[in-house]
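Given the sequences, and given the hints that come with them, work out the whole structure.
Residues per chain, in single letters:
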Amino acid sequence: MKTAQEHWLYVISSKKKLIDFNFKEIWRYRDLLFLFVKRDIITLYKQTVLGPLWYLIQPLFTSLIFTLIFNNLADIPTGNGVPNFLFNLAGITSWNYFKDCLIGTSDTFKKNENIFGKVYFPRVIMPMSVVVSNLLKFGIQIGVFIGFYIYFIWFSSKSYSVSPNFNLAFLPLLIIVMALLGLGLGMIISSMTTKYRDLIFLVQFGVQLLMYGSAVMYPMSYFEEKLPNYYWLIEWNPIAIIVEAFRTMVFGTDDLDSFKLIYAGIISCIIFLTGLVIFNKTEKSFIDTI
Amino acid sequence: MESDIILKVEDVGKQYRLGLVGTGTISHDLNRWWNKIRGKEDPYLKVGETNVRSEKSSSEYVWAIKNITFEVKRGEVLGIIGKNGAGKSTLLKILSRVTSPTTGEIKTRGRIASLLEVGTGFHPEMTGRENIFLNGAILGMTKAEINAKIDEIIDFSGCLRYVDTPVKRYSSGMRVRLAFAVAAFLEPDILVVDEVLAVGDAEFQKKAIGKMQDISSSDGRTVLFVSHDMAAIQNLCSRSIVLKNGSINFIGYTSDAITNYLTTEDGNKLQLHDRKGSGIVKIVSIEIFSEHSKTNILTGQFANFTFKLNNNSGVTRRDIRFDFRIDDEKGQRIAWLSDFVVSESLKPDAVVNSITFRVNRFPLNKGTYHITTYLTVRGTVSDWIQNACSFSVTDGDFYGTGKTPPLNQGKTLLDYDII
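For the record, the sequence lines run as chains A and B. The first sequence begins at 1 in the working numbering and counts up one residue at a time. The second sequence begins at 1 in the working numbering and counts up one residue at a time.
By construction, these hints were calculated from the structure, which means they are not laboratory data. Incorrect hints may have been included.
Claimed, not checked - Computed list of lysine-lysine pairs in PhoX-like fashion (alpha-carbon distance at most 20 Å, straight line):
1. K46(A) / K168(B)
2. K38(A) / K107(B)
3. K24(A) / K107(B)
4. K107(B) / K8(B)
5. K195(A) / K99(A)
6. K24(A) / K143(B)
7. K99(A) / K111(A)
8. K168(B) / K38(A)
9. K107(B) / K284(A)
Below is the structure:
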């Protein structure tokens, strides 16, 4: 006999609500999130000689090469008295965080097939932990960036006209937008690759290509000046806007294009929410198709 | 009472697609989607066959489990038994929310945690202690809960010396110990256990079974236990479900369930890959009859081996010599049973159509065995079938003490006393 007071803790069924987030549950698993972050951090560089130094080597050398190729060889101006090296380092640091979030989350289902196939926990914990542990890496790289920043402004023989300004207060917000965008795209890709593996190959070189379209090694204004016909390709690219905004904030050379920034924020939120919905839908039965 | 029921499974089914996911995937997806936006039912839900592993399928879809309905009371230990591919693991996967059912729903009043495979999420580079925390959190514990129990967990695992060593240096047995220890101190309302006891040494198995009994009796928690080990099922569970080809074949008291499980196995089919002889007298079928079932023999219980013969030419008993041999699963000869060595009640001039051998207290340890038959008529081979059929032996408490010699110590059980 079914009574009205029938109370169940939860019901497992085939019905899929479009938007079905159990925030209470995610909150209950918050310790797991931090343990995953801890795992990622302490296991990444186990049995390496240089250890966390790898966090620094990669952006530094990339910036060095970029400066050599794009500025010295190809003569791309970095505009308004910003040191070339610092310009590239800023671009790469911010781009790297987005890229790491995207790539790190884009194979969530595939990589964790083993765990996901055995136990249940809110799957979204996994990509979230990737974003958080990348934040730490990003923090270290920002630290390096600050080091070079100080060197170039106060100790370099040339005088540069860069200085941090009030806009820097928006930096945390920018980082959140970046994380949302990377996480959202990563979750979408991750969900889709459970059934169709083609996307894995796309991500590999797609991200590479996207870097060239994201104003990492050139200012957007220079692109507009040189290739006005193709400017639309990057003008509304949210990640290009974010990278450009990051540089504007730290160098204080231009005014922040707040309209474009709000646009990028909204796009990121939409992508994130879409990703969350798709991810949630996939997590219920991906184990049968992967 | 309604509130006593902690878990309610209602008409749960799970459909899988056979073969490779590849060609046709997109077209089926599109077809599904097209039916969905027109508000129609998924066209592929109607098709699908029941899950009979050995038969060739004609449909691309198969129901791994179908129409599963049962209820579990608080504090009950429910056994789930069935052959390979009967749907046990699928059911457990749905219960532990790893995958969702295609139809039906499961309602629960408590948290379900599964031990589908212990040690999930162990990271080889991290130490035992770090892994306890990670594994515990994956299984749904909070950090504070683990902190409160960490000493007990380490103690239970018996790995204190190695707890600060990376898990990659552990032996596989130690890994299992550590993993089971974490899971054992997990405090879910419903614990799902799938064959974890197959690993680990005897001492640890005893510990693990004891812990599971504790969990249900003293803490009042519910356990769903899946195993092929009838002795363990009998020991732990009060009620059991028998799954067959994806649906419930029996639900009730464990002893009845085991009887049901053992008798619902397919009868002994003659396997005639390797048959020689003139064929004057041929074996038509082999029937193995014991206390419980047709294919299963319990140690210490009687077992009848009946060989039905096709004897159209009316050969009499005196002209027939018959024996059969029992080999273990490795092909090692265990016994030779022959009319040559025992006396019998059959008259020498009777025309025989069947011969029955009766073993009063079956003395072989649990396992699978194969029968080879050898029949001669007037000194020439008439029917000689290598590995004609196989049968399994289950623990039937030969010594009446509830204990069995370890399998690696011998296949044969001798009847003896210590005086």
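Outcome of the hint check:
1. K46(A) / K168(B): 13 Å, holds
2. K38(A) / K107(B): 35 Å, violated
3. K24(A) / K107(B): Measuring from Cα to Cα gives roughly 19 Å; hence the hint holds.
4. K107(B) / K8(B): 5 Å, holds
5. K195(A) / K99(A): Violated, at about 23 Å.
6. K24(A) / K143(B): Since the Cα atoms of K24(A) and K143(B) sit roughly 17 Å apart, the hinted pair holds (cutoff 20 Å).
7. K99(A) / K111(A): 18 Å, holds
8. K168(B) / K38(A): It holds: about 18 Å lies between the C-alpha atoms, which stays within 20 Å.
9. K107(B) / K284(A): 16 Å, holds
Hint check: violations occur at hints 2, 5; the rest are consistent with the structure.
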